[in-house]
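*Asks:* Starting from the structure of chain A, add chain B where the hints point.
There are 2 protein chains.
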Amino acid sequence: MSKRINKEFGLTVKKNEDFSEWYSQLVEKAGLADYISAKGFIIVRPYGYAIWELIKDYLDSKFKETGHVNGFLPCLIPEGLLNKEEKHFKGFNPEVFWVTYSGDAPLNERLALRPTSEALLYSIFPKWIASYRDLPLKINFWNTALRAEIKSTKPFIRNSEFLWQEGHTAHVDNDGAKDQVIKILSIYKDFIEKVLLIPTLSGFKSNKEKFVGADYTTTLEGMMPDGKALQLGTSHNLGRNFSKPFEIKFLNRNNTEEYVWQTSWGISWRLIGALIMVHGDDKGLILPPIIAPIQIIIIPIYKDLNQEIVKKYADSLKDKLTALGYRVSVDGRDEFTAGWKYNEWEMKGVPIRINVGQRDIEKNTVEIVRRDNRQKTIIPLTAISKKIGITFQALQSDLYRNALEFLKDRTRVLESIEELKSFLDTGQGGFLVSRWCGREECEVKIKEETGADIRVIPFDIKDIPIQIGEETTRGVPKHCIYCRQEANQIAVFARAY
Amino acid sequence: MSKRINKEFGLTVKKNEDFSEWYSQLVEKAGLADYISAKGFIIVRPYGYAIWELIKDYLDSKFKETGHVNGFLPCLIPEGLLNKEEKHFKGFNPEVFWVTYSGDAPLNERLALRPTSEALLYSIFPKWIASYRDLPLKINFWNTALRAEIKSTKPFIRNSEFLWQEGHTAHVDNDGAKDQVIKILSIYKDFIEKVLLIPTLSGFKSNKEKFVGADYTTTLEGMMPDGKALQLGTSHNLGRNFSKPFEIKFLNRNNTEEYVWQTSWGISWRLIGALIMVHGDDKGLILPPIIAPIQIIIIPIYKDLNQEIVKKYADSLKDKLTALGYRVSVDGRDEFTAGWKYNEWEMKGVPIRINVGQRDIEKNTVEIVRRDNRQKTIIPLTAISKKIGITFQALQSDLYRNALEFLKDRTRVLESIEELKSFLDTGQGGFLVSRWCGREECEVKIKEETGADIRVIPFDIKDIPIQIGEETTRGVPKHCIYCRQEANQIAVFARAY
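In order, the protein sequence lines correspond to chains A and B.
This note's numbering puts the first residue of the first sequence at 1, with every later residue one more than the last.
This note's numbering puts the first residue of the second sequence at 498, with every later residue one more than the last.
Just chain A, with the same shape it has in the complex (with noise of 0.2 Å):
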């Protein structure tokens, strides 16, 4: 027999009881990855790596359709050329993996696995760069990118190795440059709330918490189900900040030399963690349907006599909605119950299962059963198109709704900071939105204090999709959180992964 069936099946815990332990068997019993030896670093089974090439083969279209392209970088950097910018260095210094032989012999100069390649990429780009004719430029990378992660480690969340895409351009003038940063973030953010279909609060990073050698860090944020805040995707203006150390230089249309302005932007495998734990519940994953490797899972049900019809309507009902485009699997082992059946696809978060057995046969029928809400349906066969259409739109809709919900159910517009420890002190977590003074000084208190850190400055207190809804501007008081002088920004706090 099959490991898998010798060893316990389903989650022994539940979602809100451990919901650390929930998430670790998740991936696992799902078959989504497994640890290896060294500390950090997972392989990812051919099911989770489905969702990643669904993931990226939507994001590169649309990267794609505005006018990117791909290259390749190396893993490799060579140590002098990191220190180029030393600020973006110093903020990497303590995560790098350093080479520092090759077979018995001991390099030169050591060689840094690639933590992120802007050093690398704009090393190369004065040879590519000679005129405003050559700009912008847009080019992106899906590679891994390497940080050993010292303290605590959780697949997809935080490894020290990880899949992830990175993208970098240069401009002529900064407004090229802001632009860009701007719809990069709008070309995830409508992938992670329409496809992944978790809702993100999105805005500016804090000075202290931007990328290293940013001028500034556009970020998203996602609520995840332990109330702390997960960082989705991130877009950043480099300002001229690494175009003057690595002498990035065109000419203008007036012949003049101008350094160039540049972005650099990313989303990891971090989305796969995302909605793991936003939509999973307590019988394993559930998949938005767009990025689901299996859509629809169809379980035959028959006894000896009548197997062969069964399959074969079966079969034909997969055909059928292959056909209609969908990604379709038909469970036709004899070694497993339905019941079974019915555990496995639930726990790989199927979207929807089709149940056809003898009674379906004769009336012309089969049972749709939706994956979040179990909800079962028995239709005409003549009706099926129709309503997977419509199947799949509630479900995407009420996985949006409900995650929603959730975010706006722990967002809380707070007076002061001991406000703050006592709804972070509740457990619970969530988003808490105040003023900020601006002044790093709080931020660092306020951190040291509560555990929780400016995850966004918003672009507009408006999206904030907080229950008390317009009110909420006037709801926030005009002082700093921490030192309670009168304070513009507003700012939302939370601990996070």
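Calculated directly from the structure, the hints in this document are not laboratory data.
Among these hints, one or two may not hold up.
Calculated cross-link-like contacts (lysine to any residue; reagent style SDA-like; alpha-carbon spacing at most 20 Å) [what the hints assert, rightly or not]:
{"id": "1", "chain 1": "B", "residue 1": "Lys512", "chain 2": "B", "residue 2": "Asn840"}
{"id": "2", "chain 1": "B", "residue 1": "Lys651", "chain 2": "B", "residue 2": "Ala820"}
{"id": "3", "chain 1": "A", "residue 1": "Lys64", "chain 2": "B", "residue 2": "Ala820"}
{"id": "4", "chain 1": "B", "residue 1": "Lys635", "chain 2": "A", "residue 2": "Ala50"}
{"id": "5", "chain 1": "A", "residue 1": "Lys138", "chain 2": "B", "residue 2": "Ala820"}
{"id": "6", "chain 1": "A", "residue 1": "Lys138", "chain 2": "B", "residue 2": "Asp828"}
This one's a predicted model, so the numbers in the text were calculated from it and none came from an experiment.
*Replies:* Same frame as chain A, now just chain B:
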């Protein structure tokens, strides 16, 4: 003006005069890749990477059609794992990059940058495989491998990090593994011969040249224009050489434990190097249509007066050809002359160019130019769909036929080691067919004395495309080319990359 026009644009050497310099210039001037400061590492530019994406998409769909799935593996492998299969590790030892520090902290155990992933992946297989129901397990990874190149490096041919795919399978018996090895080799052969249009010899590697840790290795060898061999793809039967040290067992149908039988196989971006070398000419690259990022380039030819009307004609032609499924661009840049554009797109190897001007609009015609032989044909617009199809066909069969004729021309049956030396010393190189006694002793001596090694022990002598055809078998002397003892084994010798 752009740097592209400031510096000398065309190739300054001829392919048959300085092949190595021609290759380097082409890689750079066609915008395929650039070196970085660390030895042997390259950045692949968008045009080069787009070729890789097409190669990848094509093969990936073939792998998926035949039941393989993709996954992700970390690039770092703990030293202890590599040591488990002793021979395997020794084979890679001198080429391994070692990570010894993270930040300022020395690691407890050194981590190797993946030279290949057998050891890492197989350490997890016991978790995935329990019974015969879990077999065959067929998984593939699109990633990079890292092997320090100490000596000479060449973009796409010999680099310290290279893009590749590595496939791994596990089977219940050796027959399953044997079949798999051959199935993969034929997927590779079909792709290399019918898509990349490069003829190959297929067969076994000698024991000395096989993959470290394999029972045997099968290979595809191509011939480059300098007469050197280039290994284009390999597929290995690993037997139980890894399943024993890594304890990869399964329960068979009789409920008895057995070790699995395994294969691994790969191709790399070396295929890009091969098609540059085999098909390129003194004007630049020539790309086989199926993997050409741009298959058809349209050049509008106009004076100030009719600019708008010609551009419109070009754009509508582009739409028409795009709708037929071709990848088409219009080069409407005003800052370059038509002649300059011809040179640029010839350098980039676009297989078909279409010129459109005032006369074409009046007569409802277009001019089609083939990249390979630069043959021009003026055709009525109504015939374009048919003519494009025919032109691609003709170009494909000509590219393949030319490469095959070259291979035939440079393949010789030889009698003695003296003949071998004098043939190679002409500087022309080629494939040398003879018999070999099977002893490593002779193989080593031949390599020492001539620089040639055994590239392939052909599956079938009749598949070697040499002029003498059916005469071949009888033509090969029945003694070892080195020790002159009676010998059964046919071997093909060559110098190689």
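*Asks:* Would you mind marking each hint as holding or not holding in the structure?
*Replies:* Outcome of the hint check:
1. Distance hint between lysine 512 (chain B) and asparagine 840 (chain B) is fulfilled; the C-alpha atoms sit about 17 Å from each other, no more than 20 Å.
2. Of the pairs offered as hints, the one joining lysine 651 (chain B) and alanine 820 (chain B) is violated, with about 39 Å between alpha carbons and a cut-off of 20 Å exceeded.
3. Of the supplied pair hints, the one linking lysine 64 (chain A) and alanine 820 (chain B) holds, its CA atoms being roughly 18 Å apart against a limit of 20 Å.
4. Among the hinted pairs, lysine 635 (chain B) with alanine 50 (chain A) is consistent with the structure: their alpha-carbon atoms are about 15 Å apart, no more than 20 Å.
5. Of the supplied pair hints, the one linking lysine 138 (chain A) and alanine 820 (chain B) is violated, its CA atoms being roughly 26 Å apart against a limit of 20 Å.
6. For the hint linking lysine 138 (chain A) to aspartate 828 (chain B), the alpha-carbon distance of about 19 Å falls within 20 Å, and the restraint holds.
Violated hints, in rising order: 2, 5; the structure is consistent with all others.
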